[in-house]
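So the sequence lines, in the order shown, correspond to chains A and B.
Just so you know, the first sequence maps onto residues 1 to 340 in UniProt numbering.
Just so you know, the second sequence maps onto residues 1 to 340 in UniProt numbering.
In case anyone wonders, no lab produced these hints; they're calculated from the structure.
Keep in mind that a hint or two might mislead.
Here are the simulated PhoX-like cross-link-like pairs (lysine-lysine), alpha carbons at most 20 Å apart as the crow flies [claimed, not checked]:
hint	chain 1	residue 1	chain 2	residue 2
1	B	K251	A	K251
2	B	K270	B	K253
3	B	K263	A	K270
4	A	K251	B	K278
5	B	K138	A	K138
6	B	K251	A	K278
7	A	K138	A	K123
8	A	K253	B	K83
9	A	K253	B	K138
For the chain A half of the interface with chain B, some residues (derived, Cβ under 7 Å), not all of them [claimed, not checked]:
hint	residue
10	G30
11	T71
12	P75
13	E242
14	G243
15	F260
The structure presented is a predicted model; accordingly, all values stated were derived computationally and were not measured.
The beta carbon of each residue, even a glycine, is placed where N, CA and C say it ideally should be.
The residues making up each chain are set out below.
Protein chains: 2
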Amino acid sequence: MAEITKVVLDAMGGDNAPVEMVKGAVDATGKEKNVKVFLVGKEELVKSELDKYTYDRERIEIVNATEVIETAEPPVNAIRKKKDSSIVVGMKMVKAGDADAFVSAGSSGAILVGGQTLVGRIKGVERPPLAPLIPTEKGVALLIDCGANVDARPSHLVQFARMGSIYMEHVVGVKNPKVAIVNIGAEEEKGNALVKETFPLLKELRDINFTGSIEAREIPRGQADVIVCEAFTGNVILKLTEGLASTLISKIKGGMMSSFRSKIGALLVKPALKKTLKEFDASEYGGAPLLGLNGLVVKTHGSATAKEVSNSILQCITFKEQKINEKIKECIQTDRKSAE
Amino acid sequence: MAEITKVVLDAMGGDNAPVEMVKGAVDATGKEKNVKVFLVGKEELVKSELDKYTYDRERIEIVNATEVIETAEPPVNAIRKKKDSSIVVGMKMVKAGDADAFVSAGSSGAILVGGQTLVGRIKGVERPPLAPLIPTEKGVALLIDCGANVDARPSHLVQFARMGSIYMEHVVGVKNPKVAIVNIGAEEEKGNALVKETFPLLKELRDINFTGSIEAREIPRGQADVIVCEAFTGNVILKLTEGLASTLISKIKGGMMSSFRSKIGALLVKPALKKTLKEFDASEYGGAPLLGLNGLVVKTHGSATAKEVSNSILQCITFKEQKINEKIKECIQTDRKSAE
């Protein structure tokens, strides 16, 4: 029998807490036997929500945390002051080895700061990147880094590429994933200073399948599986993808409602369209892992519903079973040895 | 009577030259009386194409240029060596005052280098930005800068904001345009080093309507009219917008063709959908101006057809009639005086 994966879920994080968090925990434990979920948050609130469901009492447990870190709070301060918040309590459980992973739809800033300071980095990892999956024509691509660090150095991007490649291969299941660096042209001599310095370093790596530069136009076409960039660029790519998809879809829906003729047509295309659009729905793919920590931290969308929460919990099982952190440690330490 | 605007069109640039270039020139001169187009390129080739049309011989003139700069050529070298290329000959006409504007679908690199070295910058302009219009839910937004300069400084972004505001107000016709800087969060303290340094400088300006940070998610929603960023970010935004729109549209079309039911529906929604998608078609808006030069240089898409070429020519008329360069000079020089 496989070992149980223990996931701490922030029951208080996100726009839909605790309702959708609790439902996500119930769904995930219903779908998968080898997982236990700790719901961290205000005990009474969480309990009254959980009592609405039938669930395996052995595999969902409430952990009390009396405080909540709000999205608008300055993260460093919030992590330091609110010692009994769901984020701090949950992350400390991972740090102590009482759980394998922490999942939260709460404040990005607090999760990023807490991940680094409370859970801590794997030795040798310079900066832990946040790496969401984004939809492409061919499936998904891992966008790394996407918000954890600004003004990155070439050595950071090199680690992002290697960690991203491991995640994409062993968690998402893409064999020999194509790794590319975001650039403003396909040629090696193009780019800003960071890309120009990073490119030759990536080219030298023997443990990833580096395919060169990728222009932003090619990202939605699925031309690469791991998209390497610094966090500012990654944040722009992630948010523009989300914003543009939702704008276009609402425009198309609006267009279809503009005449009687098109309204009838809209009824007929609706099921086919729904399937297509589902493929471009980020919540299908679970949350974004913060890689390179002593344990897994997953950030879901602030607007996450039970489906995304449940998918994020299930993704923690694969992460543990595939021993991703052991693989990252090995890869980073080989790198350090060869550098010495 | 308004003065005639003289536009040099690179008849050899882009994937569809000379056919679509010549057609674009004929269309533009047919639509608008106050314009004269110089078609620069291989005389015989251009002439045999032009002879297919009826046109006002007073207002379309062929200028011979025996060489062509290819897209793959290193730009600096190409501009220096190919003195009889359509780009060099055309830009020199603008420099000499024989024409007001130069429009090309050719090599971006050569156009950017030639713009700076042959046409030359307006005194005080530190870097000329390339500023395409991108489609939004509410119309269009000007994305500035988008490919001309990498690793920009705060003072460059400040000039981009001011020049972009002038262009958007007087060429596109948006009154008191909202100017925002691309950032990874809405708060003033967020961002990379460049954004953090630039933000307070923009906030101080009295001649633009600065509305603060804009997250990439809000760009397609039309939350700002002038989107300020450095060229690497701008290039990513421009190309991702183009790539994602085309990927989504092809997915939606594919989805509609997936069943008999949806195929019938597709026929009914087609006209409404076509209208919606047209609004997201970049070629509707003409090319991207390279601002801050002693004359106007416009870069159209490499794949530009007659419609985009014609729109780009017509946009030069507004540029001249609205005295955009005089306005830029005045604004930059006021700035320099107040700095002294």
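Hint check:
{"no.": "1", "hint": "B:K251 with A:K251", "verdict": "holds (15 Å)"}
{"no.": "2", "hint": "B:K270 with B:K253", "verdict": "holds (10 Å)"}
{"no.": "3", "hint": "B:K263 with A:K270", "verdict": "holds (11 Å)"}
{"no.": "4", "hint": "A:K251 with B:K278", "verdict": "holds (11 Å)"}
{"no.": "5", "hint": "B:K138 with A:K138", "verdict": "violated (30 Å)"}
{"no.": "6", "hint": "B:K251 with A:K278", "verdict": "holds (11 Å)"}
{"no.": "7", "hint": "A:K138 with A:K123", "verdict": "violated (35 Å)"}
{"no.": "8", "hint": "A:K253 with B:K83", "verdict": "violated (52 Å)"}
{"no.": "9", "hint": "A:K253 with B:K138", "verdict": "holds (16 Å)"}
{"no.": "10", "hint": "G30", "verdict": "violated (31 Å)"}
{"no.": "11", "hint": "T71", "verdict": "violated (11 Å)"}
{"no.": "12", "hint": "P75", "verdict": "violated (11 Å)"}
{"no.": "13", "hint": "E242", "verdict": "holds (6 Å)"}
{"no.": "14", "hint": "G243", "verdict": "holds (4 Å)"}
{"no.": "15", "hint": "F260", "verdict": "violated (10 Å)"}
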